[in-house]
Structure formats: C-alpha cells, structure tokens
Amino acid sequence: MVLAVFSLLPLIALVVRGFVETEGGRLVLTFSAVKTVMSQSGYWFAAWNTVVVSIGSMILAAVIGVILAWCLVRTNVPFARLLEQLATMPIFIPPFIGAFAWVLIGAPRIGLFNLPTRGLGLGEPLDIYTYTGLIWTIGIYIAPYVMMIVASALRNMDPSLEEAAQVAGLSRVRTMFQITLPVVAPSILSGSVLAFVISIGLFGTPVLLGMTKEIYLVTARIYLELQQFPPSFGIVAVLAIYLMVLSVIANLLQSWALRGRSFVTVTGKGFRPRIIQLATGRYVVAGIIWLYLLLTVVGPIIIIIAASVSTYTWSGRFTWNNIAFLWESEDVRSTLWNSLFITILAASATTILGLIVSWITARTRMRGRQFLEHVVLLPMSVPSLAFALGVSFFWLWFPWSVYGTVWIIIIGLIGRYISYSVRSITSSLIQIHPELEESARISGFGWGSTMWRVTLPLVLPAIISSWVMVYSIFISELSMVLPLYTTSSRTLSILSFDTWAVGEFSLVASLSLLQLLLGVGVMWFVTHITKQRQIAAT
Amino acid sequence: MIAAAEKEGQIVVYGDPFTVPLLLKAFSAKYPKIKVTSATGDGWQIYNRFVAENAANRPLMDVMYQAEDTVITAKTSGYLANFTSSEAGSLTKLGLPAGGGYVRGNGNLIMFAYNHEAMAKKPLPKDWTDYINPPAEWEGLGAMSNPGSSSATFATVAALYQTFGAEKGGAILKGFRSAKGELNPSMGVMATKLQTGERPLDFFNITTAVSGIIAKGAPVTMAVPASGGVAQFNAIGISAKAPNPNAARLLADFALTAEMQTVFSEAGVYPVRTGVASPKGLPVLTEVKLMDLDLEKALKDRETILNWWATSTGFSYR
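In order, the protein sequences belong to chains A and B. When we follow my numbering, the leftmost residue of the first sequence carries the number 1, and every step to the right adds one. When we follow my numbering, the leftmost residue of the second sequence carries the number 1001, and every step to the right adds one.
Hints are computed from structural coordinates only; laboratory data are not their basis. Mixed in with the good hints there might be a few duds.
Derived DEER-like restraints, expressed as beta-carbon distance ranges [as the list claims (entries may be wrong)]: (1) Thr30(A) <-> Pro1243(B): 27 to 37 angstroms; (2) Ile59(A) <-> Asp1294(B): 51 to 61 angstroms; (3) Leu517(A) <-> Gly1314(B): 40 to 50 angstroms; (4) Gly119(A) <-> Gly1099(B): 34 to 44 angstroms.
Coverage of chain A stretches by chain B, computed from C-beta distances (three or more under 8 angstroms per stretch; other residues unrestricted) [what the hints assert, rightly or not]: (5) 204-217; (6) 312-324; (7) 397-405; (8) 483-489; (9) 499-512.
Once the Cα atoms are required to be at most 20 angstroms apart in a straight line, the calculated EDC-like pairs of lysine to aspartate or glutamate come out as [unchecked claim]: (10) Lys1025(B) <-> Glu328(A); (11) Lys1025(B) <-> Asp331(A); (12) Lys1180(B) <-> Glu330(A); (13) Lys1168(B) <-> Glu1117(B); (14) Lys1297(B) <-> Glu1137(B); (15) Lys1216(B) <-> Glu214(A); (16) Lys1035(B) <-> Glu214(A); (17) Lys1093(B) <-> Asp1292(B); (18) Lys1121(B) <-> Glu1137(B); (19) Lys1033(B) <-> Glu330(A); (20) Lys1030(B) <-> Glu330(A); (21) Lys1174(B) <-> Glu214(A); (22) Lys1030(B) <-> Asp127(A); (23) Lys1180(B) <-> Glu214(A); (24) Lys1033(B) <-> Glu1053(B); (25) Lys1121(B) <-> Glu1139(B); (26) Lys1168(B) <-> Asp1292(B); (27) Lys1035(B) <-> Glu124(A); (28) Lys1168(B) <-> Glu1266(B); (29) Lys1241(B) <-> Glu1006(B); (30) Lys1025(B) <-> Glu330(A); (31) Lys1180(B) <-> Asp127(A); (32) Lys1280(B) <-> Glu1266(B); (33) Lys1033(B) <-> Asp1292(B); (34) Lys1241(B) <-> Glu1259(B); (35) Lys213(A) <-> Glu1139(B); (36) Lys1035(B) <-> Glu1008(B); (37) Lys1030(B) <-> Glu1266(B).
Small disclaimer: the values here were computed from a predicted structure and weren't measured. Cβ atoms here follow ideal geometry from the backbone N, Cα and C, with glycine treated the same way.
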C-alpha cells in the first residue's frame, strides 16, 4: 500500500493527466498528444538519440565499473580502499556541474585539453558537444554505480570456486573470465541496467551538452515541454512512457538472461575473500586507475576548485569571496539544513523499504511478490522531472495533502529511487544460500533473530552500499526537487540551479564543492564506522 | 494594512530567481512577523505550477513577481486580482503598463553582449541588421536562447518581428544561424560561455545575467544596437485567490518603495521609481534607444512568432 502510494500512483497521475484535457471545465479523454509525438520526426530522433547515448554510456560505465571493482576488491593494488573511495566521488558531483566541468575541459574553443593542441597548430581534437562527448560524460559519472554493486558482490563471493578452477589448471585470466565474471553476472547485469536507466533519465547533461549541437534526447524534449506555455502534459506523459518502455525492455532482458540460473555463492561454509597477488603488476594497475581518476575525478574537481576561487571563470584572478559565501549566506545555511534533513531521512527510509522489498521478493513465496517488484522498478524508467510532476499532480488532488511541505520531496525521492536499493540489496541477497537461514531456524532462532544475526550481517555491505548510493543521489538531486520545493524546503541543489541561472558560475562552483564535501564526508564517516564495527567483530 | 497583513502572518511569492530573493530578504527584515515562502525559477515553469494549483482548487500563491509576459497571461486568464499600487504616483512611465491591473517591479535591458578580449581583432556588431550578412569572422562565435522557454528571449524576438517585419527580421535570424550561431538552454549559460570566451558573441543578453560578471571584472561589454535594445520587465500581480491578500498588497507596495528600488539598482537591475538611479555601469534606461514592443499583441501572436523564429533559424522551440 505504501509503495503504491509512493511509487505507482504518481505514475498513474502523470499518465492520466497526460491523456486528459480540460474543455469547458470538464475533463475529457484525448489522444492528441500521442498523435503529436508519433507524427513528428523530432520526437523520433529524440528517442533514437536516447537509445544510442544510453547504450553507449551503459557499456562504458559497465566496462569501467567492473574493471575498477575487480582491481580494487580482488587484487593487492596499493591503496585500494582509498582508490575505491575516490572512484565513487563522481556520483557526488551534480550531473550538470560535472557536465560544466567537462565543457571547460573539452569545449572546442576554450577547453583546457584543446588549448595546448591549438597552440601547437594541431587544431581542437576534443569536442565535448558530440555523441561521443555525451556518452563519455554520462558514462564516467554513472560508472561508480556499477562499481559499487559489483564490488559488493565480489566481496560476498566464495573464492573456493576460483581456487577449484585454478587447481583444475585454469590460468588467472581464464579463471576471471570463466568463473569470476559469470558468478557475479547478476551484479554486472544489475549494475548495467541501473546505469542504462539512470542514463535515459538524466536531463542536466543532455541539456547542457546535447542541445548545443541539437542532439536532443527524450529528457531534453521533456525539459523543453515543461518550460512551454501552454504546457502539454500529454506530450510529457507520452515521452515519459517512451522511457518507461525502454526501461521495461531492459529489465525484461535482464530477467530473461538470469532465468532458471542460480547465483548462490555464499553458502554455509566459511570463507575469506581471496586476493590475487599481482607482484609488480599491481603498480601498473594502480597507475591506470590513478590515470582514470585524474581524468574523471581529480581533473574536474580541480577545475571546480579553480572556478570557485576565481573572480569569474578563467579570470586568472583569485578571491576567497565565493568560498566565504558558503558560511556567510543565510541561503546556504537554510538550504544546507534542508538538504541534510531530506537526504538522510529519505535515504534511510528508502534503504529500509528496499531491504523489506528485496527480502519479500527473494526469500518468500508471498502472492503478488513479482507484482510488487514490478511496481517498485517502474519509476526507475521515468525521468525524475516527469516523476516529480506525477507526485505533484497526485498530491495536489489528494484530499489530505503534503503538497508544499518538505514531506512531499521525501515521499517523491523514496518512490522514485527505492528501486535502486532493491536492485543493490537483491543482487547481494540472491547470492546468499537460504541454508544459512534454515540452519539458524533449525538451531532454534526465531525469524527476527535469524534476520538480525544471520541475514542482515551478510547483506550489510549491500545495505551500506545502497544507503551511500541513494544518499549520494539525494544530496545533489535537482530535477526531483524542482517542481516540489518552496522556500521552506529549498535545497542546496536548487540554490545552485538558481545561482547558475543568473550566470554566477563561480558561486555555483563553490556550492558544488560544498555538495562534494557533504557527499565525501558522509561516505568517509559511514566507511569509518563500518570499519570500526568490523574490527570490533573480529 | 500592516496590522491586517501581520494578522495573516504569512505570504507566498512565486517568481524570478534573481530579484525575488532580494525582495524577500528586505521584506522579511522589515516585517519579521510575516513568514515568507517562495518558489522561483523559469517564468513559464513557475506559471504552470501556479495554474496547476488553481486548477486543483488549492491556491497557494499570493504574489506573482516575474517576467511580464507571464503576468499578462495570468491577468488575461482571470487568475489575478485588479491591483493598483499606492506607490503608483511615484513610478516612472515605464513602471505603469498601459492596460493596468498589475504594476512593473523592475526593468532589465537586453542588448548586444560580447567578450571584448576574444573579439579584439574582429568586427563588432553595431546593429541588428549587421547579422543579415554577418562577417566571416563571426562564424561559430554567436549564441542565443530559446524564445519558447525564455521570456526575455521571446520579448527580443517579438521586438525584432514587430520592428523589422517578418522578412527583414527573418533575414537577421537567418544570418545569425548562417554564422553557425548556437542555441543555449538559458541566458545564464550564455553568460558563462561569454566570460570564458567559448561563445564570445551573444546575439543578445540581459543585464541581470551579465552585469554581475562585468562587476567582477570579466572582459565583457554590453552595447545598445543602433536600432534599439529591448526593455523587459518583471511585473507584480496579486492572485485573485490569494490566501493572504493583505500581506500580498503590503509586499507588492513594498517592492516599489524607494528603499527596495534602491536595493534593486545596487544589485544591477533597473528601478521603475522616479528618483532612483539606474545601476552603476549600465546605461540609463529612460535614455536608451529602445525598439517598440507591444507585448500584449506579441502574446496574442505568440504561436506565429515562435514558428517564424523556428523557420528562420532552423532551431526547434519545443
């Protein structure tokens, strides 16, 4: 019931609102929006562009995410823990800020990458305003989602399978391709589908990079529709349905690929994750990872820092005024409080509900559990902006309402993103053999004790990973909040967006730094606490 | 009125992200007993929110303070109460719209903007008509935003349409596009590209987006075209279903006081009250040559003008 209200009804409200029009004070059914979308080539191009860019981004994110996860979890690469934390940092950078950073790196005329080549008469080899630029910028910023899910699965994998393969004479590389990768396939697939769905729902990056060369994606079209007068909610709904169909196809393909196969790797036998010793090769691997981090994390962050201490972007003159703004401004204080309140509450509720849904779908034979899973997964496919409109429509018409309060944002975030937690936790839960829980029950443990002392500790890495993931999304979430906020519930991302809208990029950069610190600080805190608990447990 | 407004105890304002925060900060300082709530953002997006709330019979907004085209639309749709400010006698003629029913709160000026360092050895635009046959040096330098979503852009495109006519105005737009001018999501994005030099020649930009970076020393110049710039206004309307009508009137009048108009001027937007100087470093609005713009007529012709723009530039507005 709760999930229906949070996840399903806003979608129904969006679709219904799109297929009705007001005529003479009465609501009438109409298919004019469907006809418009179907008959205009611009919308078809947008759908095609979305497919191309999202598949490209998904492949890039999956390749980067899987390689990173494997290197950082299963090898003796130096400073693996630090590198893993650094590699998650892109998800703490708001997408439109990340896109702006890449404009400053890869724009033809002024991009930092192009300046030296231009000086040497070699032209401007990098152009971020292309399909490749879009795929690159989206892919590198969603790769950490794949990495987090796959890393969690790798930590839960029983290494005896790999040991058996090596005893049977398989090389390390063949073991990785024939044993390790197939065993963590659900996580890779889950991460890839998640990356695909995030990609089709992004709007900041496509608007900033795509529109410049008229590469419109569906979300950019939705963004344009919402800024029009009169608004066509019908067209918005039909475009949102496009994305829902894409997402459903991706989820069905995932289900089909995993059908009838078992991915249990954590059984009643004890194990310790096996680390592959790379000898001197570990420094080469570390070097490659550092290069990746330089290009994707360190470079853009340095650019954001440089912009935040510049009087204006690339002035060559520096000031602390933009940084001082962070503690001098009442706007920053109030929005900071709102952001933390909304994010922590919504992330915790999302993770708890996600765990419950995962457990029901993976561990029970409850009737309608598959329907429950579909209900939860459906909002994944809808861009945040469109989902938020559905939330506002629904709560506007609801007799007792949270409309205009901070709670509508929290409810919207939970409904839109609970699927992320479900995906993350389920992929870990299906790796754990039920025999562990059955043994506990046979030993006299009740349901609660089994859950508390067996299941939860085993899926704890996935739970933490899920919480950090949704926290990182919520702390910089813009499009979900945009249609739902008021002054009393304004967040840091809205303040950044308003500041960006009036051309104050240096202030936007300093606000981005604050969001980055909030993301990284909490991630470090959670990791530190987890580590302390692990030490205490041993 | 103050006592009645304080008895209501709160007010909800929808509007422009640049000026509304300034207004609310000053208002809250002066009337701390009145709790202020607001939603700011793109004009039509906020307007659509207001309409959706009214359609659901859940009116939340008291005061609309945003681009004049949205306020006119709200007025003609019957969403606004008839408002005459007690400060009306102190306003310049630019502050009072011909049709009445609402007032203008502040002005903005739209004109050419360019990065004078990046354009140092290149010809500069003097008039809109220079774009009919743009110099080769302008290729790939220009930018504009979308009149379908940006009120300031719509005002400018409508002024070109009304001043030059469909044919000559269309030639100007075609010329801009033939020089590989690009479409940006907003004037804020254009201002950022202007300061970095990525797109150093804005077809036009607005003082609110550019005056801030000029004040910080960015090598950016704004110049009035020979045929005239465009004055665009933020207007103040009071909702017909305002839950807090007295607080709404108090805030609307406060926006027009010498105190608030001076704050606006110091922040780089044009005041509409007599005796308050124009922002430093910007031309005086009443002395600037402006293109004629009949915004009410332009709104009636909105579909025609947007399609004309789309046909001339090859850009899509939705």
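Evaluated hints:
Range check, Thr30(A) to Pro1243(B): Cβ separation about 32 angstroms, and the 27 to 37 angstroms hint holds. Take Ile59(A) and Asp1294(B): their Cβ atoms lie about 53 angstroms apart, and the range 51 to 61 angstroms holds. Range check, Leu517(A) to Gly1314(B): about 44 angstroms between beta-carbon atoms, so the 40 to 50 angstroms window is met. Under the hint 34 to 44 angstroms, the C-beta atoms of Gly119(A) and Gly1099(B), about 57 angstroms apart, miss the expected range.
Evaluation of the coverage hint for the stretch 204-217 of chain A: fulfilled, as 7 residues show C-beta separations to chain B shorter than 8 angstroms, against a requirement of three. Coverage of the stretch 312-324 of chain A by chain B holds in this model, with 5 residues showing a Cβ closer than 8 angstroms to a Cβ of that chain against a need of three. Residues of the stretch 397-405 of chain A with a Cβ under 8 angstroms from some Cβ of chain B number 4, which satisfies the need for three, so the listed coverage holds. Check result for the stretch 483-489 of chain A against chain B: holds, 5 residues qualifying (beta carbon to beta carbon below 8 angstroms, three or more required).
Using a Cβ-Cβ cut-off of 8 angstroms, 7 residues of the stretch 499-512 of chain A lie near chain B, which meets the minimum of three, so the contact claim holds. For a cut-off of 20 angstroms, the pair hint linking Lys1025(B) to Glu328(A) stands: about 14 angstroms separates their Cα positions. Between Lys1025(B) and Asp331(A) the CA atoms are separated by roughly 10 angstroms; this keeps the pair inside 20 angstroms, and the hint holds. About 43 angstroms separates the Cα atoms of Lys1180(B) and Glu330(A), which puts this hinted pair outside 20 angstroms; it is violated.
In summary, the hint linking Lys1168(B) to Glu1117(B) is not supported, as the alpha carbons are separated by about 31 angstroms, beyond the 20 angstroms threshold. Taken as a hint, the Lys1297(B) and Glu1137(B) pair is broken in the structure, with Cα atoms around 37 angstroms apart against an allowance of 20 angstroms. Simply put, Lys1216(B) and Glu214(A) have alpha-carbon atoms about 32 angstroms apart, too far for the 20 angstroms limit, and the pair is violated. Taking the CA atoms of Lys1035(B) and Glu214(A), the gap is near 44 angstroms; set against the 20 angstroms cutoff, the hint is violated.
Proposed proximity of Lys1093(B) and Asp1292(B) is supported: the alpha carbons are some 15 angstroms apart, at most 20 angstroms. With a C-alpha separation of about 9 angstroms, the suggested pair Lys1121(B) and Glu1137(B) falls inside the 20 angstroms cut-off, and the hint holds. With a C-alpha separation of about 18 angstroms, the suggested pair Lys1033(B) and Glu330(A) falls inside the 20 angstroms cut-off, and the hint holds. Restraint check for Lys1030(B) and Glu330(A): the C-alpha separation of about 16 angstroms stays at or below 20 angstroms, so the hint holds.
Straight-line distance between C-alpha atoms of Lys1174(B) and Glu214(A) comes to about 17 angstroms, which keeps the hinted pair within the 20 angstroms bound. Between the alpha carbons of Lys1030(B) and Asp127(A) the distance comes to roughly 51 angstroms, so the proposed pair goes past 20 angstroms and is violated. In summary, the hint linking Lys1180(B) to Glu214(A) is supported, as the alpha carbons are separated by about 12 angstroms, within the 20 angstroms threshold. Simply put, Lys1033(B) and Glu1053(B) have alpha-carbon atoms about 26 angstroms apart, too far for the 20 angstroms limit, and the pair is violated.
About 14 angstroms separates the Cα atoms of Lys1121(B) and Glu1139(B), which keeps this hinted pair within 20 angstroms; it holds. Restraint check for Lys1168(B) and Asp1292(B): the C-alpha separation of about 16 angstroms stays at or below 20 angstroms, so the hint holds. Between Lys1035(B) and Glu124(A) the CA atoms are separated by roughly 53 angstroms; this puts the pair beyond 20 angstroms, and the hint is violated. Proposed proximity of Lys1168(B) and Glu1266(B) is contradicted: the alpha carbons are some 38 angstroms apart, above 20 angstroms.
For a cut-off of 20 angstroms, the pair hint linking Lys1241(B) to Glu1006(B) stands: about 19 angstroms separates their Cα positions. Under the criterion of a C-alpha separation no larger than 20 angstroms, the hint pairing Lys1025(B) with Glu330(A) is consistent with the structure, at around 10 angstroms. Using a Cα cut-off of 20 angstroms, the hinted pair Lys1180(B) and Asp127(A) holds, with the two alpha carbons roughly 16 angstroms apart. Between Lys1280(B) and Glu1266(B) the alpha-carbon distance is near 7 angstroms, which keeps this suggested pair within the 20 angstroms criterion.
For the hint linking Lys1033(B) to Asp1292(B), the alpha-carbon distance of about 43 angstroms lies beyond 20 angstroms, and the restraint is violated. Restraint check: the Cα-Cα separation between Lys1241(B) and Glu1259(B) comes to about 28 angstroms, which exceeds 20 angstroms; the hinted pair is violated. Only pairs whose Cα atoms come within 20 angstroms are accepted, and Lys213(A) paired with Glu1139(B) is accepted, the gap being roughly 15 angstroms. Between Lys1035(B) and Glu1008(B) the alpha-carbon distance is near 9 angstroms, which keeps this suggested pair within the 20 angstroms criterion.
Our distance criterion of 20 angstroms between C-alpha atoms is met by Lys1030(B) and Glu1266(B), whose separation comes to about 18 angstroms.
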